[in-house]
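*Asks:* Sequence:
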Amino acid sequence: MVEDLSTVLPALLTVVALLLPVAVLSVSDGVLHMLAPHLFFRIPALSVLPKSAGLMLGIGALYDRDDGTVYDLTLLFDKSSFWNMSALDFLAGRADPAGYRLIDLALGAFAGLPDPLLGNLMLVSGALLVLAGAVALITARDTDLARVFLAIPILSLATAFLTIYLVSLILWVAHMLNFWVFLLAAAIYQKRRYAKHH
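For the sequence shown, full-length UniProt numbering puts the final residue at 198, and the numbers step up evenly by one.
Hint data in this document are derived by calculation from the structure and do not stem from the laboratory. In this text the structure is predicted, and so the values were computed from the model without any measurement. The reader is advised that the hints may include incorrect statements.
[To be verified] No farther apart than 25 angstroms at their CA atoms in a straight line, the calculated lysine to any residue pairs in the SDA-like style are these:
#1 LYS191 - VAL173
#2 LYS51 - ASP29
#3 LYS79 - ILE103
#4 LYS51 - LYS79
#5 LYS79 - LEU25
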C-alpha cells in the first residue's frame, strides 16, 4: 500500500501542478465577474491595462527572484539544471506567490528600486495601473467606480502570478520531457498546420 502511494503521489502532484493555472484563472475570473461591473468588461482599457501591468509585474518578479542561469536554455536538459525537481518541490517553491514579493515590487514602482531594469519594469507596471485608474475615473461612477478600483489590482496580481507560474511550468515540463518536448512541439505544429489546410 505504501509502495503504491509512493508511485501515485508524484503523478498526482504533477497533475496538480499542470492544473493549477486553470484553477487560478477560473477562480480569479469568477471573482472578477462577481465583483466588477459590466462596464469593466465592455471597456477594453479597464481590463487590458491591469493585465499588461500584471505581465510586467510577473516578469519583474521573475527577474528579481532568480539569477540568469535559471533561464539558461543550454542548461535546461542538464541533470544539474535548476528545473530538475520533484512536483512537490516545484509546487512548494515556484507556485508560492509569497516567494515573489509581488506587493513589495509593485510598491517599489513608486518608491524606486536599486536595480534600474527592475525599476523600469515596475515603473511601467505602475504607470499602467495609474492609467487604468484614470480610465476608471472617466468612465465609472459611484459604486461602479469602487468596484472597478477593487477589480484592477485583483486582475493585475492574478496576471502576475499566472505569468510567473506559466513561465516556470513551461521550463519545468520541458526539463521533465527532455528531448521529447521537441517531438511534442513538432506534433502540435503538424496538427495546427494540417488543421489550417482542412
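*Asks:* Are the hints correct? Go through all of them and say.
*Replies:* We went through each hint and held it up to the structure:
no., hint, result
1, LYS191 - VAL173, "holds (20 angstroms)"
2, LYS51 - ASP29, "holds (12 angstroms)"
3, LYS79 - ILE103, "violated (34 angstroms)"
4, LYS51 - LYS79, "violated (35 angstroms)"
5, LYS79 - LEU25, "violated (32 angstroms)"
Going through the hint list in order, the structure does not satisfy hints 3, 4 and 5.
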